[in-house]
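**Student:** So the chains spell out like this:
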Amino acid sequence: MMNRSRITRTVAISASALLAVGALAGCGASGDDGGDGKVTITWWHNGTGDPLKSLWQDVADEFMAQHENVTVKVEAYQNEDLQRTLIPNALRSGSGVDLLQAWGGGELKDQVAAGYLMDITDQVQDTVDEIGPVVSGWQLEGKTYGLPFQYGIEGFWYNKDLFAQAGIDAVPTTLDELNEDVAKLKAAGITPIAVGAGDKWPAAHWWYNFVLKSCSPDVLRTAQAQFDFSDACFVEAGDELEDFLATEPFQEGFLATPAQQGAGSSAGLVATGKAAMELMGHWDPGVMGGILKDSGSQAEATAPPFLGWFNFPGIDGAQGDPTAALGGGDGFACAAWAPPECVELLQYIESEDVQKRFGASGAGLPVLPAAASSITDPNLQQVLEGLQSASYVQLWLDTTYGATVGGAMNDGIVALFGGQGTPEDIVTAMQNAAATL
Amino acid sequence: MAISTLATGSATLPDRSAAGPARPTRRRVDWRGAAMIWGFAAPALVVYVGFVLVPVALAAVYSLFNWNGLGPLERFIGLDNYVRALGDPVFLGAIGHNLLIVALSLLIQGPLAIGIALLLNRRLRGRTLIRTLIFVPYVLSEVVAGLAFKLLLQPGGPFDAFLAGIGLGGVTQLWLADGQIVMGTLFFVLSWKYLGFAILLMLAGLQSVPDELAEAAAIDGASWWQIQRHITLPLLGPTIRIWAFLSMIGSLQLFDMVWVLTGGGPVNATTTMATYMVQYGFQRSQLGYGSAVAVILFVISLVFALLYQRLVLRRDLAGAVTRSA
Chain H
1 MMNRSRITRT VAISASALLA VGALAGCGAS GDDGGDGKVT ITWWHNGTGD
51 PLKSLWQDVA DEFMAQHENV TVKVEAYQNE DLQRTLIPNA LRSGSGVDLL
101 QAWGGGELKD QVAAGYLMDI TDQVQDTVDE IGPVVSGWQL EGKTYGLPFQ
151 YGIEGFWYNK DLFAQAGIDA VPTTLDELNE DVAKLKAAGI TPIAVGAGDK
201 WPAAHWWYNF VLKSCSPDVL RTAQAQFDFS DACFVEAGDE LEDFLATEPF
251 QEGFLATPAQ QGAGSSAGLV ATGKAAMELM GHWDPGVMGG ILKDSGSQAE
301 ATAPPFLGWF NFPGIDGAQG DPTAALGGGD GFACAAWAPP ECVELLQYIE
351 SEDVQKRFGA SGAGLPVLPA AASSITDPNL QQVLEGLQSA SYVQLWLDTT
401 YGATVGGAMN DGIVALFGGQ GTPEDIVTAM QNAAATL
Chain D
438 MAISTLATGS ATLPDRSAAG PARPTRRRVD WRGAAMIWGF AAPALVVYVG
488 FVLVPVALAA VYSLFNWNGL GPLERFIGLD NYVRALGDPV FLGAIGHNLL
538 IVALSLLIQG PLAIGIALLL NRRLRGRTLI RTLIFVPYVL SEVVAGLAFK
588 LLLQPGGPFD AFLAGIGLGG VTQLWLADGQ IVMGTLFFVL SWKYLGFAIL
638 LMLAGLQSVP DELAEAAAID GASWWQIQRH ITLPLLGPTI RIWAFLSMIG
688 SLQLFDMVWV LTGGGPVNAT TTMATYMVQY GFQRSQLGYG SAVAVILFVI
738 SLVFALLYQR LVLRRDLAGA VTRSA
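Protein chains in written order, with the numbering used here: chain H, 1 to 437; chain D, 438 to 762.
Incorrect hints may appear among the rest.
Stated by the list, open to error - From the derived model, a few chain H residues whose C-beta atoms are all more than 12 Å from chain D: (1) Q111; (2) D129; (3) E141; (4) L175; (5) D176; (6) Q226; (7) A246; (8) G286; (9) D321.
As the list claims (entries may be wrong) - The list that follows gives simulated cross-link-like pairs (lysine-lysine, DSBU-like), each with its CA atoms no further than 35 Å apart: (10) H/K274 to D/K630; (11) D/K630 to H/K53; (12) H/K53 to H/K143.
I should point out that these hints are in silico values taken from the structure, not numbers from a laboratory.
Note that this is a predicted model, so its numbers are computed, not measured.
Virtual Cβ for every residue (Gly too), placed ideally from N, Cα, C.
Put together the whole structure using the sequences plus the hints.
**Tutor:** Shown next, in the form of structure tokens:
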């Protein structure tokens, strides 16, 4: 029988031994080349669920079958963890990931400035031509640092039944028509528009669209390149938005409503028929289907059948292009230290076959125009048409301008929604934030 | 010795050789004892230094740079981050919200907890059940509690339906969307969560109050309220002071509940120093600025803690950060 001090000592020694083992096990090394021609590519993406997870795994397996000496390690991580923590940490340490998810815009700019991404301009020129103008979000000064595999534009997802009930027979194409429709819906006792201002970015997207339709593409390109927001159109857009807000088109308590969580969110309100429309990206039907399934009202995660889509209307008398589209997407980039096979894998992902399978899986909108036929949902087809007929496509403004200016911009817009800021304050906040860069 | 000192009348050092047994001329260092102490303390010290002290020092270093988290630390800007933080009305508002919660916790949660503990400190049927139920909210994770209340307090949600059901339909407000009352809502949720802990602490403290004192006072004719006021509460003093300390520090560093419930909104109506730090520092890729805010939060908490220990906890913790008694 051991006495108590013996037992305590044994426990203490084994505990510290376990701690030491645990600490050492944490220092796992991940090398890229085995030294004998064998190449390992570590691929990080945010598709933690099916169908995307299986799709990327299949793509990796096929690539490995075609390239005998290459091993592809595919890992899926939750989106915010990946974007804010895992990728920046891996980039800072100079190893751990080769093919990484890239959202483009200002974030890409910062990563290129720190020398973390591979310049793939020469290798992917053909693919860039095939994809078209949306690649610009992943390019910097004419050089390409990543390629998008998905891109969709934003618009209004609306309830056709509620529109008919309020006597609206055609979707609005100008802001004045939208205002009329809002008034008709209110007269019929229907909440016109749902917005998830509690999450900030849904409210911000309203201002982005007003800016898109108020500012000429040249002004927007200059703003993106030089953080120059001095053009009066930015304040004009805010004034138009302020007037729109004064008509009180949103649901009650919109400042605290979330965008996607539960039946009380803005997506949930539209899905359950409590609001007539919502300004949102192409993922909305999927979100609505998920909410309806989780709330128990249906067995499958399918979007409600009454859903329709129309693009953000133009503003009469403003300098913006009325067919301009605001959107965003996902892409991949190769790290500066990645093996050359990384670029080949990226091009395989962008190939027509894989893009068609991506579209058919329902995971999102493929970016390759040649793969457009794989989309069967009529609403998503409309989104694709809107994208292809747009003469100017702008990446989400907060992604474009980067987290610092984007965050200040979003805060200023939410203050406007809350009645505590002015359109000038938004531009001032953006300029102040840009000055700290 | 004493006589000679008095006779000379001047302050002389006491005669060492006659003061007591001679001190050994060679100091024997107790190596084995020291090794045991340091050996056992080492793991905890390593963790503490590595995960607490070193990050604080690094944060102080980062706060002197303009750094977006990528690439090396290149742009030294001195104290500009601190100037910017202390001049930002949103941050000053955040400090104000923290101090408001500290004050409300001490003024409302404290007396309420003491009162309920006094009431529960007697033989009651179902006393254990009541105590368990009161403590359950504290056991819930903050994220779970925050999400639950966020869903409950939606406009036209379950809470509003409940109020309408009991005839108080006219009292409904935009609990989470109205900037004027959202702090009140937040404090209500915080109280729901942490009152159980306070009550449990007070109940534990009440166990150490001897029954004989109360009985003796009752024999002398004191009423229940007089007994509580003159005997129980003073003896509960150390517990109350410790609880106040924990409550204060927790309120200064409040993050989880606010982040989940309101995200700091609407329009910065419920920001706290910690949510400001995450929002403006981490989310906006300005890690130097965020580090400066973190250092400010650290200094404020440290000052509060040290002052409180020195001034209030002095008699409870003699020998801690106090003059030796």
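**Student:** Work down the list of hints and note, for each, if the structure agrees.
**Tutor:** A quick look at each hint next to the structure:
1. Q111: violated, 6 Å
2. D129: At about 30 Å from chain D, H/D129 clears the 12 Å cut-off, so the statement holds.
3. E141: holds, 18 Å
4. L175: Since the minimum Cβ distance to chain D is about 25 Å, H/L175 lies beyond 12 Å and the statement holds.
5. D176: Per Cβ check, H/D176 is outside 12 Å of chain D; nearest 29 Å; holds.
6. Q226: Given that every Cβ of chain D is farther than 12 Å from that of H/Q226, nearest at about 18 Å, it holds.
7. A246: holds, 17 Å
8. G286: About 21 Å separates H/G286 from the closest Cβ of chain D, which puts it past 12 Å; holds.
9. D321: holds, 30 Å
10. H/K274 to D/K630: Status holds; Cα separation ~33 Å.
11. D/K630 to H/K53: violated, 39 Å
12. H/K53 to H/K143: holds, 30 Å
Hints 1 and 11 from the earlier list are contradicted by this structure; the remaining hints agree with it.
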